[in-house]
Amino acid sequence: MSIGRYLLRRALVALLLVFVVSSGTLLLTRLAPGDSATDAGLASDPAQRARLRGELGLDRPLGAQYLDWLAGALRFDLGWSVVFSRPVADLLSERALNTAVLASVALVGATAVGVPLGLYTGAHASGFGPGLVRTLSVVILSVPPLLGSLFFMLFAARTGWLPVGGMTSSVLADSGWMTWAIDLARHIPLPALALALPLAATLEQLQSQAIRESLREPFVRAAQARGLTFSQALRHHAWRVSLAPVLGLYGLMIGSLFSGSFAVEVVTGWPGLGRLMFDALRARDLYLVTGCAAAGACFIALGTLTADVMLVAADPRRRMGDLR
Amino acid sequence: MNRQSRALLTIVIVAIILIPYAYCARGRDEAPPSALAPPPTEQPTRGGTLIATARSEPRSFNRVASRDFPTELFATLTQGRLVRVNRQTQEIEPWLAEKWTTSDDGRSFTLTLRDGVVWSDGIPFTSADVLFTFQAVYDEAVGSHYTSTFRVAGKPLTVTAPDARTVVITYPAPFAPGIRQLDNLTLLPKHKLEAALTAGTLAKAWTAATPPAELVSIGPFMLTRYEPGQRLVYERNPRYWRRDAQGQQLPYLDQIVIEIIPEQDTEMVRLQAGQVDFGQQQLRATDIAGMRTLAAQGKLQLLDLGVSTDPDSFFFNLRAKQWANDPRGAWLPRKEFRQAISHAVDREAFAETVFLGEAVPIHGPVTPGNTRWFWPNIPRYEYSVEKARALLEGLGLKNRDQDEWLEDDNGTEARFTLQTFRGSSILERSAAVLRDDLQKIGIAVDVVALEANTVISRMLEGQFEAVWMAFQGDLDPALNKDYWLSSGTAHVWNLNQQTPATDWERQIDELMTQQASVADESERKRIFNDVQRIFSEHLPILHFATPRLYLAVTPRVVNLQLAQSRPQLLWSPDTLAIRGGGRPAS
Chain A
140 MSIGRYLLRR
150 ALVALLLVFV
160 VSSGTLLLTR
170 LAPGDSATDA
180 GLASDPAQRA
190 RLRGELGLDR
200 PLGAQYLDWL
210 AGALRFDLGW
220 SVVFSRPVAD
230 LLSERALNTA
240 VLASVALVGA
250 TAVGVPLGLY
260 TGAHASGFGP
270 GLVRTLSVVI
280 LSVPPLLGSL
290 FFMLFAARTG
300 WLPVGGMTSS
310 VLADSGWMTW
320 AIDLARHIPL
330 PALALALPLA
340 ATLEQLQSQA
350 IRESLREPFV
360 RAAQARGLTF
370 SQALRHHAWR
380 VSLAPVLGLY
390 GLMIGSLFSG
400 SFAVEVVTGW
410 PGLGRLMFDA
420 LRARDLYLVT
430 GCAAAGACFI
440 ALGTLTADVM
450 LVAADPRRRM
460 GDLR
Chain B
976 MNRQSRALLT
986 IVIVAIILIP
996 YAYCARGRDE
1006 APPSALAPPP
1016 TEQPTRGGTL
1026 IATARSEPRS
1036 FNRVASRDFP
1046 TELFATLTQG
1056 RLVRVNRQTQ
1066 EIEPWLAEKW
1076 TTSDDGRSFT
1086 LTLRDGVVWS
1096 DGIPFTSADV
1106 LFTFQAVYDE
1116 AVGSHYTSTF
1126 RVAGKPLTVT
1136 APDARTVVIT
1146 YPAPFAPGIR
1156 QLDNLTLLPK
1166 HKLEAALTAG
1176 TLAKAWTAAT
1186 PPAELVSIGP
1196 FMLTRYEPGQ
1206 RLVYERNPRY
1216 WRRDAQGQQL
1226 PYLDQIVIEI
1236 IPEQDTEMVR
1246 LQAGQVDFGQ
1256 QQLRATDIAG
1266 MRTLAAQGKL
1276 QLLDLGVSTD
1286 PDSFFFNLRA
1296 KQWANDPRGA
1306 WLPRKEFRQA
1316 ISHAVDREAF
1326 AETVFLGEAV
1336 PIHGPVTPGN
1346 TRWFWPNIPR
1356 YEYSVEKARA
1366 LLEGLGLKNR
1376 DQDEWLEDDN
1386 GTEARFTLQT
1396 FRGSSILERS
1406 AAVLRDDLQK
1416 IGIAVDVVAL
1426 EANTVISRML
1436 EGQFEAVWMA
1446 FQGDLDPALN
1456 KDYWLSSGTA
1466 HVWNLNQQTP
1476 ATDWERQIDE
1486 LMTQQASVAD
1496 ESERKRIFND
1506 VQRIFSEHLP
1516 ILHFATPRLY
1526 LAVTPRVVNL
1536 QLAQSRPQLL
1546 WSPDTLAIRG
1556 GGRPAS
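Going down the list, the sequences are from chains A and B.
Using the numbering used here, read the first sequence as starting at 140 and increasing by one per residue.
Using the numbering used here, read the second sequence as starting at 976 and increasing by one per residue.
Source of the hints: derived by calculation from the structure; they are not laboratory data.
Just so it is clear, CB atoms sit at the ideal spot from N, CA and C, and this is done for glycine as well.
Some clues are possibly wrong.
Said to hold, decoys possible - Facing chain B, according to a computed beta carbon distance under 10 angstroms, are these residues of chain A, among others:
no.	residue
1	L191
2	L201
3	S224
4	A239
5	S243
6	M292
7	P302
8	V303
9	G305
10	S309
11	R355
12	V405
13	G408
14	L420
15	R421
16	R423
To be verified - Some chain A residues well away from chain B (every beta-carbon gap over 12 angstroms; in silico):
no.	residue
17	Q204
18	G211
19	L230
20	A262
21	V282
22	S288
23	E352
24	L367
Throw the hints in and build the complete structure from the sequences for me.
Here is the structure:
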């Protein structure tokens, strides 16, 4: 299969995924008890609530409302957010950018730490160093992101080394872009660490396991028999092969990171997609919930595609046609 | 009731203080308190930035169209009203109206507007703005939440403007709170919004997407920056009209920043780090001990706001159709069943367990925090398992099969499902304590914690057996008619009745209508005590304890005027100050 056809096929699958996820989200959110008008609840009389529901189109049959939304979505009009009084598309693009900044830093950090450590522990079955890394990995993996975020918040508060939450400081908002960038750089480490550490631990464990298995492969042993040192066999043969399972997960990691994290973004006050989804769900903001879900599905599709391409690049035995 | 109506609540308390005074002063110029800022508790320094927090973002900057708390906070900081209820003293104060007279029949108020007041863009504030605001309130296309508030006996108020500085407001029927109600009305700038009203688009004007430069202010601050998901930045309004006793123009602060922090744990951490000065929500019971330690170390000020006036409410569905085909209908909706529950709960232990001791036991919906309307002699249900069992036995509920639960004659178990808000530790703990207490008298409670929106939705549709939830109401019962009247939208146990479903609800309807139209405060109180007596006998809502409210504030904030209703510290933003100016650590 040519690369062009492969990419086209993947794009169609991605579109289908986005369509199914967003449609399902809209229908489920619409069918669940309560809606945006419920928020007015006891404060408004039935007539006011009915008027509000009418304005939001919630009094229309489900099918008609869905078709309207679908027609709008085809024109990239994802509807209007009740919570923010703004078009959903505008909100998504704004928040996706914030999440992308955070996710990129977290992904690079997790990869830079997790993969080398996985190589290290996989290549060394015993010893104090590998044992310490494995223990730390298990500890980090067992800490939920919420607690991790709170821990880093407390750390920042106690030491005063980093700002406690937020994306930028109000003090510096009117300063130049360089000052703004430095301020942003001071705010990123805290949420990025909360996101990256569990991913790094996951990557470490996965890479470690994969490298152990690949070291047992006959062709790696044969390479060593031909005179390659252990280190050379590891770098030139075993590592490439071991990337397959790691990259398989990498795609999902990219997708979930760029979709935003509820826990980390809410706790650290990062104005990204995860927090947007949280606000949308809390207020039962139908079109915003749907938009966030669609954005998440897009990122998952893009993440898996990226991982597949990386896998082909990493493993010369594979070709696009091998990927399904 | 909606939490955003807390400002309205506060207004109302004060009404009572004013009524006798207003009647004494009928037909002549009244001498309301001065609008000059009171002498500060500490000579404030001009300048500085104060950083407070909010849980969510404004849905709109249009107070007539939206009543959510961030919008209300925006209005408090940047907009104006004719009169203000001082949240601390509960007295009514002249604001954009500098004085007023009351007609002999007490229904008509002639207000004189302050001279020389201008909007932040330099356009003078006149009676045309007031007329325009009322026009918007009653415009059907706007669909304002104010519309029902500013109807008395089902009719709108009549508002006229004989000249640019005079406004005459006439109520269609006697209304005890009178112009105290105007504290809640945010005035609109006619010159900016008239076109939208004419076009029928006022409800969509001044949305959260409107650039701050297009919003004009008449309050102490102007919104200059809104960073979605992060913060709102308010700068001093250089054209603000108010001065302190020394003649210094207010506000003292240069800037107020509202950081949007959706999570209370995060807010606590940032507060302790000194990165925000205070939050908008009272401390949780679990945080108070830690804050006391920090206060003792001088790192924070711990402010006691008193007893909450909004107790959590536990109630059964008393709609007849709910129980029509249910075998439990013979005993579950009966008042004796609720009385038995009231006897079965040890309120002291409840306060200790649920609120970690930071609460007081209560026996009705009006708590000791509502000093004006609290009735200490309300009939009480002492803690007595024996009395509870006797009442249940009177309903035919006995333990017939030697298990731990009671059954009726038909063998139907004494059991009900209680819905409450998931994620609210107080409500979930309350439900757990109730379940344990009722187990002792043989009643089984199935607790279901659901998303708040779902609980409210099911409650509005009548799809519940029992609910435990939090909602706020106005302090003055006359402004809380949706709760008390059987036709009310907050008459939660049986909403929106066409005619009173029961004789006792009819009695309450009559008494509440009467007390809202009586001028004499002691008479109003006597009538309302009667209402509380009837309520206590029938217990449509059960209350067990209400918390004490605390706020933590950084030591650099001075000239604090505490109020119980939100915004507890920002209700008077122009007099707040920062010791030595400056701003907190970034």
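Q.
If we take the beta carbon of A/E352, is the closest beta carbon in chain B still more than 12 angstroms away?
A. With a cut-off of 12 angstroms, A/E352 remains clear of chain B, as the shortest Cβ separation is near 42 angstroms.
Q.
So A/S288 supposedly isn't at the interface. Is its beta-carbon more than 12 angstroms from every beta-carbon in chain B?
A. Per Cβ check, A/S288 is inside 12 angstroms of chain B; nearest 8 angstroms; violated.
Q: Using Cβ atoms only, decide whether A/G408 comes closer than 10 angstroms to chain B, and label the hint accordingly.
A: 5 angstroms, holds
Q | Proposed interface contact between A/L201 and chain B, which counts if any beta carbon pair is under 10 angstroms | A | 16 angstroms, violated
(Q) Just to be careful: measuring from the Cβ of A/S309 to every Cβ in chain B, is the smallest value less than 10 angstroms? (A) With Cβ-Cβ at 5 angstroms, under 10 angstroms, it holds.
Q | Interface hint compliance - A/L191 to chain B, C-beta minimum distance less than 10 angstroms | A | Where the cut-off is 10 angstroms and the nearest Cβ of chain B is about 8 angstroms from A/L191, the hint holds.
Q | Given hint A/R421 near chain B, where the shortest CB pair must fall under 10 angstroms | A | 8 angstroms, holds
Q) Given A/R355 as an interface hint, is the shortest Cβ-Cβ distance to chain B below 10 angstroms? A) 47 angstroms, violated
Q) Is it correct that the beta-carbon of A/Q204 has no partner in chain B closer than or equal to 12 angstroms? A) 18 angstroms, holds
Q) Regarding the hint that A/S224 lies at the interface with chain B, is the smallest CB-CB distance below 10 angstroms? A) 4 angstroms, holds
(Q) For the restraint on A/S243, tell me whether the closest CB of chain B is nearer than 10 angstroms. (A) Violated. Min distance 18 angstroms.
Q.
Checking a non-interface call: every C-beta of chain B should be farther than 12 angstroms from the C-beta of A/V282. Is that right?
A. Check passes; 15 angstroms lies beyond 12 angstroms.
In summary, the structure is inconsistent with hints 2, 4, 5, 11, 19, 22 from the numbered list given earlier, while agreeing with the others.
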